[in-house]
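Novice: If you're matching them up, the sequences are chains V and S in order. Read in our numbering, the first sequence has 96 at position 96, and its numbers run on one by one without any break. Read in our numbering, the second sequence has 159 at position 159, and its numbers run on one by one without any break.
Simulated from the structure, these hints should not be mistaken for laboratory data. Hints are supplied without guarantee of correctness; some may be wrong.
No more than 25 Å apart at the CA atoms, straight line, and that leaves these computed lysine to any residue pairs for SDA-like [to be verified]:
1. S:K159 to V:R439
2. S:K159 to V:A417
3. S:K191 to V:S416
4. V:K334 to S:K26
5. S:K191 to V:A417
6. S:K159 to V:S308
7. S:K159 to V:W242
8. S:K159 to V:L425
9. S:K159 to V:S416
10. V:K207 to V:Y492
11. S:K159 to V:V299
12. V:K334 to S:I63
13. V:K334 to S:K159
14. V:K334 to S:G183
15. S:K159 to V:V386
16. V:K334 to S:T57
17. S:K191 to S:T57
18. V:K334 to V:A294
19. S:K26 to V:P383
20. S:K159 to V:S309
21. V:K174 to V:L225
22. S:K159 to V:A385
23. V:K334 to S:T186
24. V:K334 to S:V180
25. S:K191 to V:T479
26. V:K174 to V:K334
27. V:K113 to S:G266
28. S:K191 to V:G418
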Amino acid sequence: MTLAAALPTYGWSQALADLGQISPIATLVGFMLFAIVADLVLPRQRRSGVVAMIAVTGLAYSLGTAVYRWLYTQGGPAYSGMATGDSFALFFDVLFASLGILTVAISHSYLQKRGMREGEFHILMLGSIIGMMVLASATSLVTVFLGLELLSIALYIASGFARDDDRSQEAAAKYLLVGGFASAFVLYGMALVYGAAGTTLIPDIAKQVAGTAASNPLLTLGIVLMGVGFAFKVSAAPFHMWTPDVYQGAPIPVTAFMSVGTKAAAFAMIVRVFAGGLPHLAPEWQALLAFVAATSMVVGNLMAITQSSLKRLLAYSGIAQAGYVLIGVIAGGKIGLAAVLYYLFVYMFMNFGAFAVVTLLAGPDGDRDRLSDLNGLYRRNWPMAVLMTIFMLSLAGFPPTVGFFGKLFLFTAGVSAGYTWLVVLALIMSVVSVYYYVRVLVPVWSTTARAEPLRASPSSTLAIALSGVLSVALGLYPTTLLIAAQFGALPYGGP
Amino acid sequence: MTLTAIWLLPLVGGILIAFIPPRFAKWLGVVVALVTLGIAGGVALAFAPGYHGYQFTEQVPWIPQLHVFYHLGVDGISIWLVVLNALLTVIAVLATPLTMRNVNRFIGLMLAMSAGMAGVFLAVDLVLFYVFWEAMLIPAYFLLWLFGEGERPARAAIKFVLFTLAGSLLMLVGVIGEYVFTGQQTFDLAKLATIAPSANIQFGLFFVFALAFAIKTPLFPLHSWLPSAYLAAPTPMLVTFAGVMGKAGAYGFLRIAVPLFPNPVGWWDWRWVMPALAVAAIIWGALMAIAQRDMKLLVAYSSVSHMGFIVLGIFAYNVQGQQGAILQMVNHGIIIPALFLFVAWIADRTGTRDRSALAGLAPRMPVMAGVFTIVVLAALGLPGLNSFVGEFMTLLGAWERAPVLAAIGAVGLVLAPVYMLRMFQGAMYGEPVGPRPSGDIQAGQLALVTPLIVLMFAIGLYPYALTQLMTSVAQAGLYR
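My request is simple: use the sequences and hints to build the entire structure.
Specialist: Structure (structure tokens):
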């Protein structure tokens, strides 16, 4: 027998099929490499615009690929079960690609205003998005970790992108240290689960541990350690300490991007690993996540009240929102996971939109994110004031915005699954949240303020306006997105 | 499409008006409000009496995954409030002074708020009801905050919003709970009224719903947002804010709390707690009104007392009480705006709302005094004017339930003349004291209150015209 015969066969057809399953990621990788080359060879003054165009094209292409596959193909495992192109992955591919386009749209004028190198920025964003997509497609603990690190490392650099700004440097250092810490936790947990199950393929883990007693210390410890790491990544309390500092220090487009992207990716990871790999140990991780959710809602909402920096305020609000979304994850099943996907998708528009408006305020010397910097926004640029109002009302959960419907779906799932106490807590804390969201609106509509007009570049205006319109439209007509979310949740939406 | 137009027209009109030049705003607003009133009036005229159930229904699936429908309808309970809302919106827009800053935004927000309130009365689906219920807070908040009077309108506005939200967000648990715990997975109000969960669950769900409605009504002891909010609200806003929005709470009791939870008994029996609170509200509101010197606050507290009668009638659990409550909702919606308008006009002419600083105004503003007399007499429940019939019916219903409730409630009838007449006599008669009024009522203002005055007489003299078309929850077969 020759050596060639003993090797597993991996022919062209198999390679193409595997590549097809992850085609949204593959196309984006291609475009990122193209962008790197373009950034190297083009003359300096033309670089930034071209790289931004390549990034947008690549993201749009990736988005189109994902939608096409969503509509016309059957997703399935690829690379011997290491990754998958199922509807869950595609849903997140669409989300991340849209988020990327929005980010490029708002960061172009921001970077020019602050005199930053644009090429690297967009390439880093693309790298991070690829990491998120890998995470969403991962069906093996190894791939999960690969995606997690890819997205994190790109963001560590991006957080410190304002090189002459001390706070940006501090944010990057903090994020790197805490993020590395969290990664270590996840890795430790994975090692223990591997020890118990003997495989890193998530579907196989589910089969292996089905018969194992819940008292297996390896598994329990593994769940706890991974849970801690995941809680770090979704910035859920009590592992949230890094969030406000990093959000505040990082340049706003980066903050806007990671406040939505990292959170969504981390939720994808939680669902993949916990709901996908350890369904038989649901009581264990549900208890852990319920504790984390309750703490997040209380801590996030209470801490947000006293913030005077918009970035910090939105950071704490994000911590609280992570708590709400966790309710859906805990409830699980078809309704719960569909609610999670719906909420993450619409959270992109409302939260990103709020950050995007703050981006406009930035000056050449730095970000202006005090609450008082919003003074007289209505006089300076009234459409932005109206849009900011929509974002805040949506985050606060007022109908008819998407925030309300997202909460309705999450909480219906929560009550159906028997977590009424968690839902009651969430709603009580929502009352608190209204106070600080409305506090943001006070300077926006204040009449006694300076009134020099605030200019917004066309691309930023378009991105923010689109977010605002969708924040209302997807609430008035939630059906289509909800069907998509249900379809996306199909792989894990068992009984 | 008729019922959709009743809420959609003011909403779309309001959004448009907010962005047109201020000088056209008022007249376009009046047109939108009048057309809406026309549609609402047409529905009321075409309304078939004696038919128990929803009429003019529109039903379209909205969120099929959760069995949520866009489902509108009117019945003998809601039609009156729909018409009242449309009528008061016209008056409120007409009462808006053209000199107001950003008058286009004001009228736009007023119409949006009116749209939200219309939606609350029209919705037959619990989620849709909730959406309108919360959505109407947004324009109300901006109106109070951006156009509020007094020292710190922003504070009053946020207090109002947080108070109301504390109730209504918990109500969301109730909405979801109804969906889950009845086991039928429906939000349809008519269907939910035929299936009730177990008594313990009813007890809990009744609490979350009643809390929201009690705050909105407001019911003692949850009324503390009201004085500051009413004090801050500009007068044209008060016409609908006091005239209609408070009714939304009472309407919620009647539409949801009573029929959906026929047996809310757990640690205690809510069916006795609510009337007890209502009686307390009647007395407390009246006593607080007596203690006020600011006439706006006095009227605000009198409103607390009057709303107590409505809640008492609703929780009498019989036809007289509930018909009286519905009638009284309409009556109160006619009287309170008139009272607030007069108080504002007197304050305009004299520069003060302090009743003790005024006296002997009547000889110097005879027409104003004359018309104000009618309103005051209606407010204190003089036979022959509208309020008497409603209060009498609610007390009759309460008497059937438990004589003691009616006996204590009747004390409120005795206290009403005390605060109303003290305000009226003190300000209007006696030796002239205080600032000299700058003039009598204007013709336009008189025209503004004329429809209200006519209604006070009409309903007072021939209440049967309305009550025969009203159905109580009991008659509508909405609870067993």
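Novice: Each of the hints needs a verdict: does it hold here or not?
Specialist: Against the structure, the hints:
no. : hint             : verdict
1   : S:K159 to V:R439 : holds, 12 Å
2   : S:K159 to V:A417 : violated, 34 Å
3   : S:K191 to V:S416 : holds, 20 Å
4   : V:K334 to S:K26  : violated, 50 Å
5   : S:K191 to V:A417 : holds, 23 Å
6   : S:K159 to V:S308 : holds, 21 Å
7   : S:K159 to V:W242 : violated, 33 Å
8   : S:K159 to V:L425 : holds, 21 Å
9   : S:K159 to V:S416 : violated, 33 Å
10  : V:K207 to V:Y492 : holds, 15 Å
11  : S:K159 to V:V299 : holds, 23 Å
12  : V:K334 to S:I63  : holds, 15 Å
13  : V:K334 to S:K159 : violated, 39 Å
14  : V:K334 to S:G183 : holds, 18 Å
15  : S:K159 to V:V386 : holds, 23 Å
16  : V:K334 to S:T57  : violated, 32 Å
17  : S:K191 to S:T57  : holds, 14 Å
18  : V:K334 to V:A294 : holds, 22 Å
19  : S:K26 to V:P383  : holds, 23 Å
20  : S:K159 to V:S309 : holds, 23 Å
21  : V:K174 to V:L225 : holds, 21 Å
22  : S:K159 to V:A385 : holds, 23 Å
23  : V:K334 to S:T186 : holds, 18 Å
24  : V:K334 to S:V180 : holds, 15 Å
25  : S:K191 to V:T479 : holds, 23 Å
26  : V:K174 to V:K334 : violated, 38 Å
27  : V:K113 to S:G266 : violated, 64 Å
28  : S:K191 to V:G418 : holds, 24 Å
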